[in-house]
Amino acid sequence: MPRKMVVNATEGDECRIAILEDGVLQDLFMERESHGQVVGNIHKGKVINVEPHIEAAFVDFGYDRNGFLHASDVMPSCAAKDAQPHHGKGHKIQSLLRHGQEVIVQVTKAGIGNKGPSLTTYLSLPGRYLVLMPDVNKRGVSKRITNEEERQKLKEIVDELKIPENMGVIVRTAGVDQTKKELSKDLDYLLKLWHVIENRAKSQPAPSLLYEESDLVTRSIRDMLTPDIDEIIVDSPVVRDRVQDFLRVIMPKGQPAVTLYTESEPVFHKFKVEAEIERASMRKVPLPGGGSIVIDQTEALVAIDVNSGRMKSERDAEATALKTNLEAVKEITRQLRIRDMGGVIVNDFIDMRDHKNIRAVEKALADALKRDKARTKTARMSPFGIIEMTRQRMRPSLRRFLFDDCPHCSGMGIVKSPESMSLTVMREMKTATGRDDVATIEVSVNPTAADHLLNQKRRELA
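One point on numbering: in the working numbering, the residue at position 134 of the sequence shown is 134, and numbering is uninterrupted.
None of these hints come from the bench; they were simulated from the model.
Note that beta-carbon positions come from the ideal geometry of N, C-alpha and C, so glycine has one too.
Be careful, since some hints might not be right.
As the list claims (entries may be wrong) - With a cut-off of at most 30 Å between alpha-carbon atoms, the simulated DSS-like pairs for lysine-lysine come out as follows:
#	residue 1	residue 2
1	Lys363	Lys155
2	Lys138	Lys377
3	Lys363	Lys284
4	Lys272	Lys370
5	Lys115	Lys162
6	Lys272	Lys330
Said to hold, decoys possible - Okay, the calculated beta carbon distance ranges per label pair:
#	residue 1	residue 2	range
7	Asp60	Val39	14 to 20 Å
8	His70	Gln456	53 to 59 Å
9	Leu301	Ile54	33 to 39 Å
10	Thr390	Gln204	22 to 28 Å
11	Pro52	Thr146	54 to 60 Å
12	Arg65	Asp22	23 to 29 Å
13	Gly254	Glu388	26 to 32 Å
14	Glu388	Asp159	23 to 29 Å
15	Asp223	Leu301	42 to 48 Å
16	Gln255	Lys138	28 to 34 Å
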C-alpha cells in the first residue's frame, strides 16, 4: 500500500511527523525543543549511589534527574577494579560499580513522572542500514527480516565486512536489498562516529554529553523510511531542504519525492491527522463493524476493553465475537503506536468458545505487532478472553505529552456529585458551628452544588 510521511514543522518549537497508509494515520511522532531529546544520547556519567537491594545504581549524567542503571545493563568490562567481588550466579551491582566511578552510558528510556531516565552501558549507534555495538562481539541480522534467503544473504555480506574486533554489527530492515558497498559505507561512517565519541570520553570530565541523537526529522527518515513510502510532504522550506540534503547522503538512488506543502490550510488538517490526534485522546474508539474499544491508562498498566456491536442472534454470537476481536486487534495495535503506550497492557477481548477462533485472534495480534518498532511480548489468551502483553516504553505517552492532570480531580476524571458535595458541605458547616472561634460561615461552591443546597437542603440551612 502507498505510504506517505507528513512533516509539520512550521511552529518552530514543535515538530510532528505522521506516517499515513492509504490516507489513514499509522504512526505519529512529536518532539518539542523545550522537552529536549535524551533517548539515544551517550554521556559520560558518574555513579552517585549503588543500591544492592534493587540491583541498580544511580548515575549523574548531566540531566536534571539521575539516571537508573540496572545491573543487567552493566557490561562486565565496565566493572571497577576495586568493586566488591562476587562469586555467585550472575553479577551483583556492587561487584560491578562503586560510588564515584565514571561510566559511559546511553539513555534507553526517558524519565516518566518521578522516575529518572533509564541507562545502559551496552551502547548502540544506529546508521541507515546498520547498528554498531561497541565492545560487543555480535554479528547478525534484525529479527524483523524474516525471509530466510534474505537473512542468509545479509549474513554473508556481514562476514565480508571489515569489522574491528570487539565490535558488534546488526543489519537493520532498511539493509534489505542493499549491496556490500552500501553496507560498508554505513559501517565506515559509524566507526568514525565511534572514534569521535571515544576521544571525547577520554578528554571530557563527568558528567558530559558525548553524543547527541539526531533531531526528530532526521531520526524518522533514518529509522522509518521504507521503500513503500513514496512521498515526504514538508510544510517548512528550511526543513524540506534539510530532508533533501540528508536523503542525498543516505540514499543517493531511489529517493522518495520530497514535496513542499504551501497551501493555506495547515498540513495536518489537510491530511486529517489533527482529527486523529483529537480522537487519540478519547477513551472510546469505534470499530468498523459497530463495536468499539475502550482504553484506560493508569500508572500501573493500560487496560483495553473490547465491546461488540449489536448481535443479530445467539447463533451469531461466536462469529460476531471473532469479527469484532479481529477488528479490535487492528485498531489496538494502531492506537498503541499512535498513543505511544508502553508497559503492561491488558486486552480484554470478547469471549469465544472455539479454540480455532482464539488462535486466530492470537495470530492476528502477533502479526499486527510485527510492524511496531517498539519491542513487544504477548501471552496466550486466558480462559477469560484476556491477552496480557508488554510494550517497550521509550518516552512518555501521547497523553503525558499533550495533557496535564486536572487540578480539580487530580487526574481521576471524576468529581463529586452535587448531592455528595452538598452533604460534605453540610458536615463541614456542622463542625464549624460547634467551634467557639467561628462567628459566621461563608460557603463557596459550584453553581450545581449551590442549586442542590438551596433547593434540597434549605430546611437544614435555615
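Evaluation of the provided hints:
no.	hint	result
1	Lys363 with Lys155	holds, 28 Å
2	Lys138 with Lys377	holds, 23 Å
3	Lys363 with Lys284	holds, 24 Å
4	Lys272 with Lys370	holds, 26 Å
5	Lys115 with Lys162	violated, 41 Å
6	Lys272 with Lys330	holds, 20 Å
7	Asp60 with Val39: 14 to 20 Å	holds, 18 Å
8	His70 with Gln456: 53 to 59 Å	holds, 57 Å
9	Leu301 with Ile54: 33 to 39 Å	violated, 21 Å
10	Thr390 with Gln204: 22 to 28 Å	violated, 36 Å
11	Pro52 with Thr146: 54 to 60 Å	violated, 42 Å
12	Arg65 with Asp22: 23 to 29 Å	violated, 42 Å
13	Gly254 with Glu388: 26 to 32 Å	violated, 41 Å
14	Glu388 with Asp159: 23 to 29 Å	violated, 39 Å
15	Asp223 with Leu301: 42 to 48 Å	violated, 27 Å
16	Gln255 with Lys138: 28 to 34 Å	holds, 31 Å
Comparing the model with each earlier hint shows violations of hints 5, 9, 10, 11, 12, 13, 14, 15; every other hint is respected.
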